[in-house]
Amino acid sequence: MIFSPFLLPGLPRRDHRLLALARAQAAYSAHSILGSPEKDIDGASRATVAGAELDSSPYTRSLGLALVGPPRSKRVALAAITLEAARLTHTTDVLHLCLVGGWVSGFMYRRPFMSVFGRVFSLVEAASVVPEHPKMLPLPRRVADELVLAAALSHVLVSDISAPWASEVYATDSSDCKGAIVAAPVAPEEPAPQFAHRPSPKRPPPCRFHFLEIWGAPCPISPLLAALGWTVCPRLDPAVSLEYDLCSRRVFEWIAFLLERGRVDALGASLPLATFSPASKAWRFWHLAPDPAGGARDVVVREAAALLDLGLARRTASLALSALPTEGLESVFVNDLALSLPWEVRKAWTWPRPVHINILEASCVYRLVCALAKQSGPLRAVSLCDSNVAKCAITKGRSPSFGLSPVLRRLAAVSVAFGISCSLVFCPTRLMPADHPSRDSAIPEPVPSALPLSDKPGLLRALVGLPPLRRWASGWVRLVLGLGFSFSWAGGHRDAGRSFRTFVPSPLDFDRTLGFPGEGPTSPFASRFCSWVCLAWLLPACSGVSSSGSGFVASPPVSHGRLAPRNAGDQWRKSRRGSDDLPAGRLVEASTQKQRDALWNAFSKWLEDQGISAEALVQPPGSSDVDSVNCILTRYGRELYRAGRPYYSELINAYSSKVPKLRRLLQPAWDLAFSWKRAEPGRHHTAMPWQVLLGLVTTAFLWGWPRTAGLLALSWGGLLRIGEALAARRSDLMLPKDVWNTIDFAYLSIREPKTRYSAARHQSVRIDQPNVLRIVTAAFQALGPAEKLWPSSAQTLRTRFRQLCGALRLPWGSGSKTPGLELASLRAGGATWLLMADEDSELVRRRGRWLTSKIMEIYIQEVSSIQFLPSLNAETKRLVHAALEAHADVVHKVEFFTATGILPDMWYRLFSARTVAVDDTGVLGGAV
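So the sequence shown is numbered by UniProt numbering: it starts at 1 and just counts up by one.
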């Protein structure tokens, strides 16, 4: 505990410090708290307090100084280690980060020293460092020079807290051509609070809950609300912890504090009936209550959780709509100083050449520090600046900008050498007094101050402590204070911390048309509310006398919060749908979901190896940090690429399905995926020419594979996806012979088309090429209605396709350098032939069932289809041509075999023996 001399004004400094220490020791003794009297420091001229060394020894005071900084032993030891490390040509990543961390913690006592380090910060990537496995790194001399400079300046790494405040407040500004410094006299005590106070980063309020539950042991609601994503307080029940005893005064005070400060949005309480269960007797009408075996209590609790979820969601949405963001950059106190002080020009100059405006603004502050250094020794001053970029860079001590870094280093050299501490505060350009001389105009006359600071001493510190506001908010605050409204600025008054909505009356007036209280018929809601209360009291009886009671919330009627079937139509639809609910998120195919689950499991394993929980990445607050999520996904994608793994775009889809709100915020991860795709562009399927198709079909018939030949012809002529052909049955295929040859084409109805959710639900294809129609008819006309066109597995079809391509010496597969044929080449080849034959792109798009012409153009490859045959070697061309020559004769014989009932297993023997021939009339003849 540290007692500052500025906490209790009105007493001599030593007296009020002793009084504060005595009060603290008395409080410790009254509550039996063990302190550390041996650590108490009082009256010491040099001591270490909270990690900072305060030096006001006689020698230091003789120099007119009072210093605060890192302990001297730490500075000396760190400088010695740094100098030894800088002598080496190499270092390790762990050692380097330790040295940098030690120096940065010391630089916090004198922020200008941060400009010493530049290349030091970029030597090691902290995210990739593993402390247990240090890595050797070369140490560049420029990095070593920065470390040596920090070690050499370690003896001045302190701040002089005895430096006097300047009697003037300054303002600097720059235009593209000129810069200026203005000053105005102020009382010595006015700039001090502004220098001492700087807005700190905001933290979320502790103990902020959406729901607080008291008791509720048998059927708690908190777990259900937590599963819905709300922040719930631990259930306050002695059964959970003895510290949650509601008879304790401290627990009750804590609950009252949460409710008074608005830290809890909803409160649920249950009666501790289990305490009185041994002394109670069962009521007679308890036996009339329904049997709890059906889970009535669980249903009630779930209904209550649903109502609370709805109420909390509506309350959050209403508060979000009525929220008034006021956070900004402007200070009411600074704006009033800029308008009311008599500013005078101290210096104005012309820039030699145009540079970036932020560099000019920082250079103006540098010239101000140089001017103060020439006037006196150690000094603390306050200056107004209208460039937030320059202000933040100078306050922080460093900037990643190559243009600002030299200015910051020059500023640090002068500040450290002469003991100048310049505190910058933001002032908007419209009120900046130094803006006028930088544009060759006169400074306006001061206006009376709107802040009554003279008769209200506490108002100054309260105004300085206000957070930075937006322009409109700061103007309204200044206007209200100027009108003389009285406010309590003390922190302990009753209304401190309450929302502004507490003091705003409801905008709704009393409506006389609805009657006065007590008039008219009984409200249905009132009767239902009474039934809820009765049900809440009766619920404990449903499980016997030993039940510990349920909460004040009960199952509401179906007309409040839940919808019920209205009529017979609703009842029929409800019974047809069953008890299954709609799945959460965007619906995908089962195969896609299975692939995503496998990818997510591998990603979770990798996250676990990195010390990151996968659950933390998909739930707040982890999912709220979009930059970290993109960084993790990008890093994982790079490791997959280096490890030779497949394309990882489906993993990004898996994550976005788990966190849908980030679907459009994963652009960095998608950028890496696009870079991956550009480095490894995908290959389009090679379009199969019609000559190759007939050659493969002929070979399949010769080998006794009629269904393989029919499936190839059906997929090529109907522009089918191979999965759609594999799932087809004979009943889906309508041949001309099925309708007495009244049509000259075939239809195939597709059971589950790929685009059934984005296009027509029921789709079909048409096969009207005479040769293809003849092959399909010969292959499938004898099948039964329930038989599948392809009874085997997809792998069997791929194997047979590969064997057929091997027999004709055709390239197959996508693994070789030259593009080969695949089953997907059938759809591309049929579309390419149809476009070259008809030259009607709309007809091709409709036949192929593509949603857009752009997607169709990916499949249409006229050039590759034409060039495929000439690119083959001579032997392959000879085999394809021979199969093409025999195609008509082979199909003619296959039709004869099918008509006479010869099994396909015998076809190869008949063809190979060359003993079967059929004339044009279908009569057996001589040898083939």
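Any given hint could be a false lead.
Label-pair distances were calculated between CB atoms; the ranges are [what the hints assert, rightly or not]: (1) Asp-40 x Asn-388: 19 to 29 Å; (2) Ser-248 x Trp-572: 50 to 60 Å; (3) Glu-253 x Ser-675: 10 to 20 Å.
Straight-line C-alpha distance at most 25 Å; calculated DMTMM-like pairs for lysine to aspartate or glutamate [claimed, not checked]: (4) Lys-658 x Asp-581; (5) Lys-594 x Asp-570; (6) Lys-677 x Asp-838; (7) Lys-854 x Glu-875.
Worth flagging that the hints you see were computed from the coordinates, not collected in a lab.
Glycine included, each C-beta is placed from N, C-alpha and C at the ideal position.
Checked hints:
1. At about 43 Å, the beta-carbon gap between Asp-40 and Asn-388 misses the expected band of 19 to 29 Å.
2. As the Cβ distance of Ser-248 to Trp-572 is approximately 57 Å, the hint placing it in 50 to 60 Å holds.
3. Here the CB-CB span from Glu-253 to Ser-675 is close to 58 Å, at odds with the stated 10 to 20 Å.
4. Between Lys-658 and Asp-581 the alpha-carbon distance is near 18 Å, which keeps this suggested pair within the 25 Å criterion.
5. Between Lys-594 and Asp-570 the alpha-carbon distance is near 34 Å, which puts this suggested pair outside the 25 Å criterion.
6. About 35 Å separates the Cα atoms of Lys-677 and Asp-838, which puts this hinted pair outside 25 Å; it is violated.
7. For the hint linking Lys-854 to Glu-875, the alpha-carbon distance of about 37 Å lies beyond 25 Å, and the restraint is violated.
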